[in-house]
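J.: The lines below spell out each chain.
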Amino acid sequence: MERYWNPEIECMPHEDMIMLQNERLVAQVKHVYENVPYYRDLMDKKGVTPTDIQSIDDLHKLPFLTKNDLREAYPYGLLAKPLADCVRIQSTSGTTGKRVVAFYTRHDIDLWEDCCARAITAAGGTNEDVCQVAYGYGLFTGGPGLNGGSHKVGCLTLPMSSGNTERQIQFMRDLNATILCCTPSYAAYIGETLHDMGLTPDDISLKAGIFGAEPWTEEMRREIEKSLGIKAYDIYGLTETSGPGVAFECSAQTGMHINEDHFIAEIIDPNTGEVLPEGAKGELVFTSITKEAFPLLRYRTRDICVLTREKCSCGRTLVKMCKPMGRSDDMLIIRGVNVFPSQIETVLIEQGYAPNYLIEVDRVNNSDTLDISVELSAEQFSDTVKDIQRAEKELAGAMKTMLGINPKIHLVSPKTIARSEGKAVRVIDKRKLH
Amino acid sequence: MNTIQQISVFLENKQGSLSAVANILKENNIDIISLNLADTSDFGILRLIVDDHEKACQVLRDADWLIRVNDLIGVRVNDEPGGMATILQILDDKQINVEYLYDFICQKNNHTYIIFRMEQTDAGLQALLSANVELLSADDLCKP
Numbered sequence: 001m002e003r004y005w006n007p008e009i010e011c012m013p014h015e016d017m018i019m020l021q022n023e024r025l026v027a028q029v030k031h032v033y034e035n036v037p038y039y040r041d042l043m044d045k046k047g048v049t050p051t052d053i054q055s056i057d058d059l060h061k062l063p064f065l066t067k068n069d070l071r072e073a074y075p076y077g078l079l080a081k082p083l084a085d086c087v088r089i090q091s092t093s094g095t096t097g098k099r100v101v102a103f104y105t106r107h108d109i110d111l112w113e114d115c116c117a118r119a120i121t122a123a124g125g126t127n128e129d130v131c132q133v134a135y136g137y138g139l140f141t142g143g144p145g146l147n148g149g150s151h152k153v154g155c156l157t158l159p160m161s162s163g164n165t166e167r168q169i170q171f172m173r174d175l176n177a178t179i180l181c182c183t184p185s186y187a188a189y190i191g192e193t194l195h196d197m198g199l200t201p202d203d204i205s206l207k208a209g210i211f212g213a214e215p216w217t218e219e220m221r222r223e224i225e226k227s228l229g230i231k232a233y234d235i236y237g238l239t240e241t242s243g244p245g246v247a248f249e250c251s252a253q254t255g256m257h258i259n260e261d262h263f264i265a266e267i268i269d270p271n272t273g274e275v276l277p278e279g280a281k282g283e284l285v286f287t288s289i290t291k292e293a294f295p296l297l298r299y300r301t302r303d304i305c306v307l308t309r310e311k312c313s314c315g316r317t318l319v320k321m322c323k324p325m326g327r328s329d330d331m332l333i334i335r336g337v338n339v340f341p342s343q344i345e346t347v348l349i350e351q352g353y354a355p356n357y358l359i360e361v362d363r364v365n366n367s368d369t370l371d372i373s374v375e376l377s378a379e380q381f382s383d384t385v386k387d388i389q390r391a392e393k394e395l396a397g398a399m400k401t402m403l404g405i406n407p408k409i410h411l412v413s414p415k416t417i418a419r420s421e422g423k424a425v426r427v428i429d430k431r432k433l434h
Numbered sequence: 001m002n003t004i005q006q007i008s009v010f011l012e013n014k015q016g017s018l019s020a021v022a023n024i025l026k027e028n029n030i031d032i033i034s035l036n037l038a039d040t041s042d043f044g045i046l047r048l049i050v051d052d053h054e055k056a057c058q059v060l061r062d063a064d065w066l067i068r069v070n071d072l073i074g075v076r077v078n079d080e081p082g083g084m085a086t087i088l089q090i091l092d093d094k095q096i097n098v099e100y101l102y103d104f105i106c107q108k109n110n111h112t113y114i115i116f117r118m119e120q121t122d123a124g125l126q127a128l129l130s131a132n133v134e135l136l137s138a139d140d141l142c143k144p
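The listed protein sequences correspond, in order, to chains A and B.
Just so we're aligned: 223 in our numbering is position 223 of the first sequence, and the numbers increase by one with no gaps anywhere.
Just so we're aligned: 27 in our numbering is position 27 of the second sequence, and the numbers increase by one with no gaps anywhere.
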């Protein structure tokens with residue numbers, strides 16, 4: 001039987017949801033206009049005032065926000081509440097040194113955790129469950145979000161964070177964890193490790209997994225389901241909108257329901273910004289209508305996606321989004337971490353290398369690999385192996401600091417990587433994720 | 001200066017790099033006196049001592065090979081037990097580190113040549129000279 005955390009909202013008739021959204025949008029636009037000078041300027045430039053926004057039909061009149069706006073407004077430019085009312089920040093891995101920092105009031109944390117509670121309940125979670133959270137904790141939203149959702153549902157929560165896989169499996173077995181939350185690649189790795197330890201799904205009590213923060217395929221879902229003996233549910237979110245739980249999968253496993261009482265989703269043409277009709281493929285845009293501290297209006301996610309409102313077998317009326325089918329920018333998601341090629345270029349220049357590089361991303365045994373080929377210069381070349389290996393290690397360390405993940409560096413001869421004459425291929429993504 | 005100039009060439013670990021370098025030297029009629037290849041799973045360093053050092057540097061640079069020139073110290077050692085130990089002891093006593101070395105067998109006179117790359121080349125030279133070790137010049141290597 002399908003379980004709901006908040007059936008009134010999750011199964012609300014569409015017309016009622018629109019009324020709720022209308023009311024919340026009007027109030028939110030007023031709140032943002034009055035408290036966020038950065039966005040007020042954007043609205044003024046476009047000649048839009050809060051009174052122009054009477055319903056969600058007027059949403060298209062509002063200006064977009066992009067990641068670039070978030071960088072320009074860093075850190076406080078988009079804050080809509082006094083810092084005294086904020087209780088938490090979370091952050092994304094940054095681009096060219098500047099991170100995106102999102103602020104939360106108590107209310108914002110509560111609604112975020114509520115969204116995660118819906119996801120856990122949709123995956124069959126109740127207060128009888130033991131929920132193992134193996135997403136990273138800290139600035140990354142994965143761990144804190146699911147941890148909070150798990151508390152709300154009343155699960156016994158195992159705040160494992162990621163890594164130390166054998167210990168994960170030991171706790172999983174000793175404490176009979178029934179739900180696992182982590183990135184899909186880590187879930188696959190846990191499955192493999194389980195197998196390597198000579199164990200089978202019969203040796204653990206897991207029944208469901210909630211996996212997100214990076215792209216994954218249906219094939220990968222089937223593999224994880226088989227290796228861990230579970231049903232695997234997708235979850236979507238981004239730090240800018242709060243974190244995981246913006247959308248979540250139900251038992252139908254045919255897309256993720258968007259929590260429309262908190263987030264209005266639109267699909268736009270990434271080139272013209274024009275709103276596309278339901279069912280069209282385009283860039284996903286979110287307007288947060290309940291967040292207090294960091295309420296982004298018409299935030300362009302850069303995820304390419306399709307929305308559908310077909311009746312879902314789970315009984316929910318919330319609109320569904322498909323798995324993101326690609327990006328409208330050059331961002332790569334590697335092991336759950338957002339990586340922009342420009343970050344890699346910045347590190348190379350800082351470390352005295354030529355900004356000629358080739359990024360190769362692959363997925364080996366369900367784990368992402370990042371290989372960066374870099375041209376060695378005459379100054380960096382030495383006749384001793386240890387000097388070159390030291391240079392390689394220093395560069396990898398600087399990359400790790402910037403990107404948050406460890407790349408494999410390959411030093412190559414000068415002038416062997418194509419120069420940017422027009423369209424140089426800088427990134428080869430072999431993962432076939434979409 | 002009693003040093004020997006060595007050219008190091010950066011080689012990517014891919015098929016054909018070594019023969020490409022060999023061909024450039026052949027085309028320019030440069031004779032390789034000695035060579036040594038240090039390699040890792042990712043890259044290799046080809047270390048060469050050649051008969052025409054200046055010309056070799058020129059043609060390799062022109063062909064876009066990444067090269068580096070270092071001064072090495074060559075010594076003549078009696079081909080008998082303890083020959084090398086004696087030399088290393090002299091360097092150890094002065095706390096001079098050897099980065100790497102390779103030998104160069106000379107059929108005549110029951111001698112072998114050892115070529116050292118030291119962290120501190122000048123100090124190494126001083127130490128060996130003051131211990132009356134016979135140092136080799138590039139010419140000695142060319143005409144053994």
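Where hints are given, some of them may not hold.
As the list claims (entries may be wrong) - Keeping only pairs whose Cα atoms sit at most 16 Å apart, straight-line, the calculated EDC-like set for lysine to aspartate or glutamate is:
(1) K415/A x D62/B
(2) K408/A x D64/B
(3) K415/A x E119/B
(4) K386/A x D62/B
(5) K386/A x D64/B
(6) K415/A x E379/A
(7) K61/A x D329/A
(8) K415/A x D39/B
(9) K393/A x D42/B
(10) K386/A x E119/B
Claimed, not checked - Label pairs and their in silico Cβ distance ranges:
(11) K386/A x M84/B: 19 to 25 Å
(12) S19/B x I405/A: 34 to 40 Å
(13) G352/A x D64/B: 49 to 55 Å
(14) S41/B x E379/A: 22 to 28 Å
(15) D42/B x G47/A: 41 to 47 Å
Said to hold, decoys possible - Chain A side only, calculated, beta carbon under 10 Å to chain B, not exhaustive:
(16) A252
(17) T346
(18) L376
(19) H410
(20) L411
(21) S413
Treat the hints as calculated values from the structure; they're not laboratory data.
C-beta: ideal position from N, C-alpha, C; glycine also.
J.: Please go over all the hints and tell whether each is borne out by the structure.
T.: Consistency of the hints with the structure:
no.	hint	verdict
1	K415/A x D62/B	holds (12 Å)
2	K408/A x D64/B	violated (25 Å)
3	K415/A x E119/B	violated (30 Å)
4	K386/A x D62/B	violated (27 Å)
5	K386/A x D64/B	violated (23 Å)
6	K415/A x E379/A	holds (15 Å)
7	K61/A x D329/A	violated (24 Å)
8	K415/A x D39/B	violated (21 Å)
9	K393/A x D42/B	holds (13 Å)
10	K386/A x E119/B	holds (12 Å)
11	K386/A x M84/B: 19 to 25 Å	holds (22 Å)
12	S19/B x I405/A: 34 to 40 Å	holds (37 Å)
13	G352/A x D64/B: 49 to 55 Å	violated (19 Å)
14	S41/B x E379/A: 22 to 28 Å	holds (24 Å)
15	D42/B x G47/A: 41 to 47 Å	violated (58 Å)
16	A252	violated (47 Å)
17	T346	violated (24 Å)
18	L376	holds (6 Å)
19	H410	holds (6 Å)
20	L411	holds (6 Å)
21	S413	holds (5 Å)
When the structure is compared with the earlier hints, violations turn up for hints 2, 3, 4, 5, 7, 8, 13, 15, 16 and 17 and for no others.
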